[in-house]
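**Student:** So the chains spell out like this:
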Amino acid sequence: MIGSPDVVAFTKEDDFGQADPDPWAIPEEFSVPLSPISDSNPWAKTSYAKFTKDFILISEFSEQVGPQPLLTIPEDPKVCGTFDLNYFSLRIMSVDYQASFVGHPPGSGYPRLSFVEDSRVVLGDSKEGAFAYVHHLTLYDLEARGFVRPFCMAYVSADERKIMLQFQELSLRFSQASECLKAGNRRAFAKELQRKLRDLEYTHSVLQREEGLQREAGTQRMYSAHAVEKANELANVEKSIYEHRDLLRQISSYNKRPRRDPQAVSCQRCINECLIECEQLIDKYAKLARPFSYNDKDETGQAVDAGGDEEGDDEGVKRRPSYTPQLIKAKSAKCFDKRLKTLPELCDVTFYDATVTLLKDTEKGFRGDLCYLHTQRLDKALRRKQRVTNFLFEEDLGDDDEEDERGTLRPFCAVNHAVDNYTPLNPPHIVLGTEPLVLDDLEPPGPLNPGHTSEAEPGLVESHLESSPSDPTLETQGSSEGNIGSFSSDKSGLDLAEKQLNRAKSQAADPDCELTNEPDMERESSSEDLETTAGDDDGDGTPVSLLEVVSELEASREDECEGITDGASDILIPLDSACCMAQEGFLYEASPAERAPCVGQSSNSQSPVVNQEPQALLPLQNDYTVGSPGSESPATGLELPVGLLGDAVSRTSLEEGADCTMSASTGSDRAASPLGYGGVVTLRQRKKAGQGALKFVRQYPFAMQALWCLLSGRTLVVLGADEGRVRRLVSALALFVPAPGKCGERVQAWLSCPFTLTDLQRWKLIGLQRVASPVGSSMLYSLSRYSRYISILDVDQKTLRCPPYRGQLLANIADHRTSIRRGSTFFLHLQSTLCEMAAKAFLLTFTHHLHLPVSCTEGPEGVEGRRRCFLQGQLGLGHEDSQILLYLSQLVTQHYLQPATGGSAAATSFTFNYTTSVLYKI
Amino acid sequence: MSSGCPPQSPAVAKSEVAVEGECPLLAATFAYWDNILGPRVRHIWTPKGEQLMFLSDGEVTFLANHTLNGEILRSAECGAVDVKFFVLAEKGVIIVSLIFDGELKGDKNTCALSIILPQTELAFYLPLHTICVERLKHVIRKGRIWMQKGYNIISVLSLEIIPIMELLASMKSHHVPEDIDIKDTVLNDDDIGDSCHEDFLHKAVSSHLQTCGCSIVVGSNPEKVNKIVRTLCLFLTPAERKCSRLCKADSSFKYDTGLFVQGLLKDSTGSFVLPFRQVLYSPYPTTHIDVDINTVKQMPPCHEHTYNQRRYMRSELSALWKTDSEDDIPPETVIHTDETFTPDLNIFQDVMHKDTLVKSFIDEVFMLKPGLSLRSTYLAQFLLLLHRKALTLLKYIEDETQKGKKPFRSLRNLKTDLDLTVEGDLHIVMAFAEKLRAGLHSFVFSKPFYTSMQERDVLMTF
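Chains as they are written, first to last, in the UniProt record's numbering: chain A, 1 to 922; chain B, 1 to 462.
Here chain A stands alone, though its shape is the one from the complex:
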């Protein structure tokens, strides 16, 4: 049991740092260091490695030159630095991992192929600071000793822990690469065997004829020495034929054998195809059982293809170049040409390329520091458990969640068979497993129906603006639906089809995509070919089914190239869901950004949000035009000429607005992903924006106020003349926009035309061009007109007009005195803070007693009071900070109740308050 908590200090003086005078003291090599190197520098453990970053090494144990490095990924020699690859290859290949397990069955007359499973070893060289995951595999080569060529693929890192913690992921990745290499190798080996058999058969027929001639020429009972030699030679050739035939049988039975490796990843379709191949080869044996069919050849000595009678029926095969058998000196199968094949030759270039691509992906996937990789994976696993709030600030987990749940472990097949075909014999253990999503089980709580929130929050109900046909903005509303394309910059106005085309092009250009995208229809036709040509040979005698995998791959590549030229029509073709990997790149699925117009239009017609502006509020706009109460001169405000133009402008602006509408109608979809130019906003982009956000926080003392506007749902307009500057600022501030949408639909990075009330509902952050033209004046008019709903950040004047914020919640992320140096660090800090806010919003949303009366006598005031008490008492939030949480909670509610439209496509209720805006200046 633990003792008294009383403090018992050390009674002896610390001798730290003093030399031990004791001659009997233990030598350091038998002790442990008191201060390991990691104590003085936790980053130091990798510093003494002679290479700069992790890399993949492929080595071979060559029977001619011994262990030798063949390839590194990445190939840049700088990566390996002064690290001795030759020595390391020697070290990793000297683990004699397989030789002892293979044996020749006693009494077997034929050489046996040893189907050994791959082995995996983690080892290290502590002196060199190099550690490696080594994946050993064996390839077959007819010309090699024992027909085997030992290879290994190693992931070399200076961090041993990184390898061990990710052992299973590495193992799976390298198993995939190994299977790919071996599949190509078996095909190449079978091809080589069949060629050799043809040579032998041809040689056999020649020898047989010669022997026959000699026999006829000689006397009946006398054999010359030459004839005996010929007869022996003939016997050797026959033996060799039987040997090679047996080898062919062995290699074709590869997939029939039971796998001993539970970690091996095999493609079900590949296995099925191989089984078909085996049947074909058995048929082939029957044909080859008449090895002396060359007797039927013509007098010129040209061989007739053994299977020619069958193949002659197949036009497709006729087109293939045929292999001409050659006369060989038949002694032993092992005594042929000793030039060893290169790895691409051994595995077939297509499979080799696929493997290298896979290894490159692996190297990229495991690149970086372990702690970031580890946290990233944990992060993802945890985010999957909180889908109900992810939309607020997290980047999209994507539709590939299931794929991600397998971690980075998506099985890979060289011939791009669908993921579902994969049957890991023993599903790999993913260290960071995930719990099934449980929130979906939640019954939609009754009190949290759409109407409830608004009922429970009278303030919000009152602030909902009602539409009126007399509102002049109604007329311009239509313009807002379509005018962005023409008035926004070109970047944001990419034509939809063009974007799709570009996407298809980029996918085609992507080597990964090239390997993973295969239209299923094409494969279906390939399957048909497989059936019709079953049992046929190509020109060199390899069964078509063996070649099928490669031809499929090549065909898919060609098809992809054609697909690109075919344009968008092709990519819109829905494909068979059986081949999901193949479809990923080609199946066109409208992104939320692209769907937005439809959703927006339909929701706008029904939504309770403002469609017009109350006339009674119009005078307030003039207040804005003359600047804030504190500013004496309008010029100190936003320098908007609205006040000078007066009502005349407001009248003309309507006409201009109408012009906008007309011209906008010919434009493209305005909602098309303004922030990410049509793509999903990625983590990388967000991290990059972190630098801008840090700069903004440091540069603008009123950053906190701007962030509060964004987080509390008040639209922030970033006004400026320089597009680049405005865009940069918008992308930085977009980090703070709650529920920005998958593609940042709620952010308009650059707008060159006046916006309307509907736009304010749709966009929460707008980059607005400051122009001096008449269009510009109408824009400024719209700014002043909607000033009560928006905050304006003028980047040229460095001012901010918005309601005052006195809260504490944002003090930590908007402190201009922060010592955070890097944008990436600031982004991490931001992520933490926003994650905390989302959690509090979740709590507020789903804490029942904050929304429901605890007794039947309690009215809504009681609930409201309890909620206020919770925000102030429990969470310690002031009025402005509470607004943030209430807004976030409102979004969560809406997202939860309407997950289809979510918080991104459909806007929330449009609200405003009567707080006077204040002008902040640097």
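These aren't lab readings, by the way, just hints derived from the structure by calculation.
C-beta: ideal position from N, C-alpha, C; glycine also.
Incorrect hints may appear among the rest.
Not the full set, but computed from the structure, chain A residues with beta-carbon under 7 Å of chain B [unchecked claim]: (1) Q691; (2) Q808; (3) N812; (4) G823; (5) Y914.
Calculated lysine-lysine pairs in the BS3-like style (CA-CA distance at most 25 Å, straight line) [what the hints assert, rightly or not]: (6) A:K798 with A:K742; (7) B:K403 with A:K695; (8) B:K266 with B:K248; (9) A:K364 with B:K403; (10) A:K360 with A:K191; (11) B:K359 with B:K254; (12) A:K127 with B:K415; (13) A:K78 with A:K380; (14) B:K415 with A:K53; (15) B:K415 with A:K687; (16) A:K688 with B:K354; (17) A:K360 with A:K695; (18) A:K695 with A:K921; (19) B:K297 with A:K53; (20) B:K297 with B:K369; (21) B:K248 with A:K380; (22) A:K127 with B:K403; (23) B:K172 with B:K105; (24) B:K105 with B:K224; (25) A:K695 with B:K415; (26) A:K53 with B:K108; (27) B:K322 with A:K53; (28) A:K50 with B:K403; (29) B:K183 with A:K127; (30) A:K127 with A:K191; (31) B:K254 with B:K297; (32) B:K322 with B:K105; (33) B:K297 with B:K435; (34) A:K380 with A:K364; (35) B:K403 with A:K687; (36) A:K50 with B:K406.
Residues on chain A that point at chain B, a partial pick, calculated with CB under 10 Å [what the hints assert, rightly or not]: (37) E29; (38) A44; (39) S62; (40) E63.
Assemble the complex: chain A is given as a structure, and chain B must be docked to it using the hints.
**Tutor:** Below, chain B without anything else, positioned relative to chain A:
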């Protein structure tokens, strides 16, 4: 032996170890590189009783020899222990080998201490790999001293091989599942006071997180103990949960170094004796939670713990070095002292640092209705926050110090910038960061040899 005969192969000694339950370990071996005979196996340990698969002695010997392949090229520094990890699908086994140099009969030899498991246990074993390796590494240190003295290393190695067999067997039967149902934990209670009164739960979770998720839960009621074990495990990663153990209902397991959370049952007298040495050898400081009397105690933070641990190790190895007789293997329970080091037995202290992170989480999570998975979601958000804060802190220090090239001098700024001004919050986040980057505490606090108790003493004198 006549001079004309080749040297006789030494017989392989074998020990059969009685292990309760199903032991996933197939065998453990000690092999060395004989300069005449090549790789030789000296000793085999096998568990007695039911096994997942059978390996003959010949196969074990073959595999053990196999581990020394290629080690003729070894160029490690003297005293270094290198780890090799094999997954041999052909044999269906995984082998963990620790390669080291040692003196046998006056010659310097390369030796390998290996454990062999079935390949089907890969997923079970991998999370426990670090625990096994660290424990074996230390026994190898002791074994090397023994070899240097010309004594039999096997007796020393047995001191750790057998407990590791027992550990693996106990983990097989009582490990905490990777996915914990929140219904089996305290977090599913209707009210915070249902099973944890007052501030106990807050203190337990807070201290548990401050000690890097490493805790022992003792009590007389196994159900109560296990409920707290599962609750604490909710705050761990799935891999860490696999390194945690529930308590046995009828009798207690022994304390095992290196597990994250372990439940231990008190004996009939209502006490549980913690082995000082093993607790000190844990990679992280430990929180001690007694569910009978609702007390929470914790060991000093990481940097102090590491320092104390290393001093104790040095002291233990030094004592072994000075041993005169092979029979004098110092028992595990003896606390080693010498003129320069007197270990402090009161390693468990009261939880000193109050936090706001866990406090508000515990307060808030019970506001959510149980049974709707709302609490699981809120827990996931809380853990996400902690992981992100830890990574931010790590990145902050990395930026400030240029990846450790410069000393870290801005702890005050860090606290302000990252909103970690409350000591308890800082310790929790630091503990998370320590697991990501070992040595961070020592680097940041840079006074490893000053214990917090000493500091307290100093302060009390004023």
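**Student:** Checked against the structure, which of the hints given earlier come out wrong?
**Tutor:** 1, 2, 4, 5, 6, 10, 11, 12, 13, 14, 16, 17, 19, 20, 21, 23, 24, 26, 27, 29, 30, 39 and 40
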